[in-house]
Amino acid sequence: MLTYFLRRLLLTAAVLFATSIIAFLLVHLTADPASTMAGEGASASDLEVIRETYGFNRPLYVQYTAWLLDLLQGDFGRSYYLRRDVSEILAERIPVTVTLGVSALCFSIVVSLTLGVCAALRPNSIIDRFALWLAVAGQALPSFLVAIGLMYVFGVYMRLLPISGVSDWTGYILPVVALGYYSTPSLMRLTRAGMLEALQSDHVRTARAYGLSPWRVTIRHALRHAILPVVSVAAVELGFMLGGSIIVESVFSLKGLGYLAWESIQRADIQVIQSILLLVAASYAVLTLCADLLNAALDPRVRH
Amino acid sequence: MNAQLWVRINRRVLLIMNNPKGCREHAAGVVRGLATAGIVTALATSLPFEAYAGEDNDTLVWSTASEIGSLDTYYANMRETLILTYAMCDSLIYRDPETGNYEGLLATDWKWIDDTTLELTIRSGVTFHDGNELTPDDVAYTLNHISDPETPSQVSFLSNWIDRVEVTGPQTVKVHAKAPTPAALEYLGGATPIFQAGHYDDAPKLGDGNSDFGAVQPVCTGPYEVDDFVPGETVTLKKYDGYFADSPKGQPQIGTIQFRTIRDPEAQIAELVTGGIDWIWGVPSENAEILSQQPGISVASAPTMRMSFLSLDAAGRSGDTPVTDVRVRQAIAYAIDRDAIVDNLAGEGAVVLKSMCVPDQAGCTTDVKQYDYDPDKARALLAEAGYDDGLNLPFYAYRDRPYSEAVMNYMREVGISTDLQFLKWGALRPTLSGGEAEVAHLTNGSNGILDATASLGYYFGGGEMDYARNEELSGWLSEAGRTTDPNARATLYEKAASKIADEAYFVPLFLYGRTYAYTSDLNFPATGDELAHFYRASWN
Numbered sequence: 000m001l002t003y004f005l006r007r008l009l010l011t012a013a014v015l016f017a018t019s020i021i022a023f024l025l026v027h028l029t030a031d032p033a034s035t036m037a038g039e040g041a042s043a044s045d046l047e048v049i050r051e052t053y054g055f056n057r058p059l060y061v062q063y064t065a066w067l068l069d070l071l072q073g074d075f076g077r078s079y080y081l082r083r084d085v086s087e088i089l090a091e092r093i094p095v096t097v098t099l100g101v102s103a104l105c106f107s108i109v110v111s112l113t114l115g116v117c118a119a120l121r122p123n124s125i126i127d128r129f130a131l132w133l134a135v136a137g138q139a140l141p142s143f144l145v146a147i148g149l150m151y152v153f154g155v156y157m158r159l160l161p162i163s164g165v166s167d168w169t170g171y172i173l174p175v176v177a178l179g180y181y182s183t184p185s186l187m188r189l190t191r192a193g194m195l196e197a198l199q200s201d202h203v204r205t206a207r208a209y210g211l212s213p214w215r216v217t218i219r220h221a222l223r224h225a226i227l228p229v230v231s232v233a234a235v236e237l238g239f240m241l242g243g244s245i246i247v248e249s250v251f252s253l254k255g256l257g258y259l260a261w262e263s264i265q266r267a268d269i270q271v272i273q274s275i276l277l278l279v280a281a282s283y284a285v286l287t288l289c290a291d292l293l294n295a296a297l298d299p300r301v302r303h
Numbered sequence: 000m001n002a003q004l005w006v007r008i009n010r011r012v013l014l015i016m017n018n019p020k021g022c023r024e025h026a027a028g029v030v031r032g033l034a035t036a037g038i039v040t041a042l043a044t045s046l047p048f049e050a051y052a053g054e055d056n057d058t059l060v061w062s063t064a065s066e067i068g069s070l071d072t073y074y075a076n077m078r079e080t081l082i083l084t085y086a087m088c089d090s091l092i093y094r095d096p097e098t099g100n101y102e103g104l105l106a107t108d109w110k111w112i113d114d115t116t117l118e119l120t121i122r123s124g125v126t127f128h129d130g131n132e133l134t135p136d137d138v139a140y141t142l143n144h145i146s147d148p149e150t151p152s153q154v155s156f157l158s159n160w161i162d163r164v165e166v167t168g169p170q171t172v173k174v175h176a177k178a179p180t181p182a183a184l185e186y187l188g189g190a191t192p193i194f195q196a197g198h199y200d201d202a203p204k205l206g207d208g209n210s211d212f213g214a215v216q217p218v219c220t221g222p223y224e225v226d227d228f229v230p231g232e233t234v235t236l237k238k239y240d241g242y243f244a245d246s247p248k249g250q251p252q253i254g255t256i257q258f259r260t261i262r263d264p265e266a267q268i269a270e271l272v273t274g275g276i277d278w279i280w281g282v283p284s285e286n287a288e289i290l291s292q293q294p295g296i297s298v299a300s301a302p303t304m305r306m307s308f309l310s311l312d313a314a315g316r317s318g319d320t321p322v323t324d325v326r327v328r329q330a331i332a333y334a335i336d337r338d339a340i341v342d343n344l345a346g347e348g349a350v351v352l353k354s355m356c357v358p359d360q361a362g363c364t365t366d367v368k369q370y371d372y373d374p375d376k377a378r379a380l381l382a383e384a385g386y387d388d389g390l391n392l393p394f395y396a397y398r399d400r401p402y403s404e405a406v407m408n409y410m411r412e413v414g415i416s417t418d419l420q421f422l423k424w425g426a427l428r429p430t431l432s433g434g435e436a437e438v439a440h441l442t443n444g445s446n447g448i449l450d451a452t453a454s455l456g457y458y459f460g461g462g463e464m465d466y467a468r469n470e471e472l473s474g475w476l477s478e479a480g481r482t483t484d485p486n487a488r489a490t491l492y493e494k495a496a497s498k499i500a501d502e503a504y505f506v507p508l509f510l511y512g513r514t515y516a517y518t519s520d521l522n523f524p525a526t527g528d529e530l531a532h533f534y535r536a537s538w539n
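Protein chains in written order, with numbering that gives the first Met the number 0: chain A, 0 to 303; chain B, 0 to 539.
Worth flagging that the hints you see were computed from the coordinates, not collected in a lab. A couple of the hints might just be wrong.
[As the list claims (entries may be wrong)] The list that follows gives simulated cross-link-like pairs (lysine to aspartate or glutamate, DMTMM-like), each with its CA atoms no further than 20 Å apart:
#1 LYS204(B) with GLU39(A)
#2 LYS204(B) with GLU87(A)
#3 LYS177(B) with ASP95(B)
#4 LYS376(B) with GLU502(B)
#5 LYS423(B) with GLU87(A)
[As the list claims (entries may be wrong)] Every beta carbon over 12 Å from chain B, so not counted as near; a handful from chain A, in silico:
#6 ILE49
#7 THR98
#8 THR287
We treat Cβ as the ideally placed atom computed from N, Cα and C, and that holds for glycine.
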């Protein structure tokens, strides 16, 4: 097991190393950061001074090595645009995206389970039709349209909730609904299908025969059985939500990681882009490593 | 009221759920619990949330899509920073945005001692926001810092004419120019704030030991002082009570001015309508019309200094290209209906650009050859040049893609097909400076400089962006840049502008407009310099 663990660990480190090189090259080869920083009207000598000051005139391998060495010491560098340490910026932005993503997933699961269970309990009823309509609408409507619609109804028309920013927790409500709504259809249809199957199973029929309360039969016996595939899909959805929250963050002016990545690409803020790319890659690599190790622990054949 | 509405809605939900035709009994029990939780949530969320903007709080909140990373305009060349600089800081000279006249601000008087020496008398009794009094040393320190060739300023064009600045008396400084600089007053006005001596001494260090000057928060002498700054999010300024009385900028009227970044234009409009913010700009024409009909919202438009134009490789820097033929360049100019683009696409405030400079710029003339829309003439010129069957050109662009596509469509109509290369500015700039762009749709705001040297001089003075490479033309412009006699300058610029138009070196398209939308409680002066002079604003 130890050998397997070390092998996987080395592989993960190699993946991260390769990712860091690709991220570095992509950022440096697609745009001239000095030109972006200098803006219009800058002369060639202005660009040279900027390159000299920020070290852009050094060979790429020198820049990469310096960046990697700093990174290994926990120094993510400094944002040329926001004039702050990247680690500080990330520490502020990551919680926003994580809060948004996790809350959206919770919202999605609650709505999906509720409607999915109701739809399964009463197939072809109004609730079932409503759930189907919601599923179709959820998959057909782009998230920015849902976001703007929510903004109009609850922010402009009813004036119940903040439209942009997160000065307090109420600022998360509309973004969470907008983001969570997108993954609701798949989870809901999965719940419904699972519940339909579970409700017809022998153990649920037996539970009813025992005279257990409807709540207990539904939640403890049927739903428990039906929820397993939902959990698997929900985990995947969380990944999409964390990575794909940029549109919702942009519409509601949430200062999250996706928004930061987009803005940093626009202004060629190299240190920030590299750090975000590496952070995302590291998250996936570590999660994959954990999954591999878990599989290996559960199934000895995987180790060989 | 809103809470009651929510309660009614949730009661309705409960009634539906209780209906036997709805769910089975036990399912309704599950949903009932959730609906109750919904009521609680609704009650909690419908509590009134605090409004930060508006006359009641004496707080003007303005918003754009940009994130502000630095408050130092020398190291953050963007409009928003410049707008804040005008509110926070003072320069030596003030150009009144409505009359265009130069007035003394931190300098009370100035005179040219000789062709290259400008002597200024510094105003006494002016204090910085930390209470220290302004001295000539501060002026010399600031100007010497930004004119240092090793300083990575993003607006070096404002200071690279300065050789050195010396303090010559208790209230006087001398600015020594490298060469006669007729636009010196323009450079010293507005966008050149004065900081205290030693301002940059404690700038944080970058990884390789260089200083990050832009990270130092400005302490200035302007009508507003910085109260709070969260990079990338908000900037809050509050009225400076010690602002000197006889400033030509006037006295600040509004207590607090706050900037907020709101990326999405729809969110900006929604915040404006609901009173979350007071002022936005860049409102598309279709939204401007709707907003103007909203009670409590005012909409105003004004032209800006940003030119939209086509750069054509007349000199053949990119190789053997059809646009080296003047007939092809003229054909392109005739092919584009600039009036239609202005009327139907560019929006309120935009006007047709008649010359390769902004009419308000000193030395600019619009009395040059015009190429009115004439597709037949364009086709004839192309045929004369040997392109009866049409031709294909690469077409570089980086901003406002719909405008570029409109121009490409007009070119296609007369037989010029284009391959659009739409790049970010950081990627396009090396292409342009390297002489690789046969046709490029560009824009330029002259960095707010009201002198033709910032437009004609920049594109035709022999620099890296010069695609005409005409020595006679660049000679005239070079001479105009050194000549202090206004009449002689005007003559030189007139010859240059006429030559550019006759040869169709570039094709001027239009001047951008800006549409502003703001609360009707605000008395806001919309000016043509694309700067929001909030220090001149007041509540009605």
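Item to check | Contradicted hints - numbers only | outcome: Of the numbered hints given earlier, those the structure breaks are 1, 3, 5 and 6, listed in rising order.
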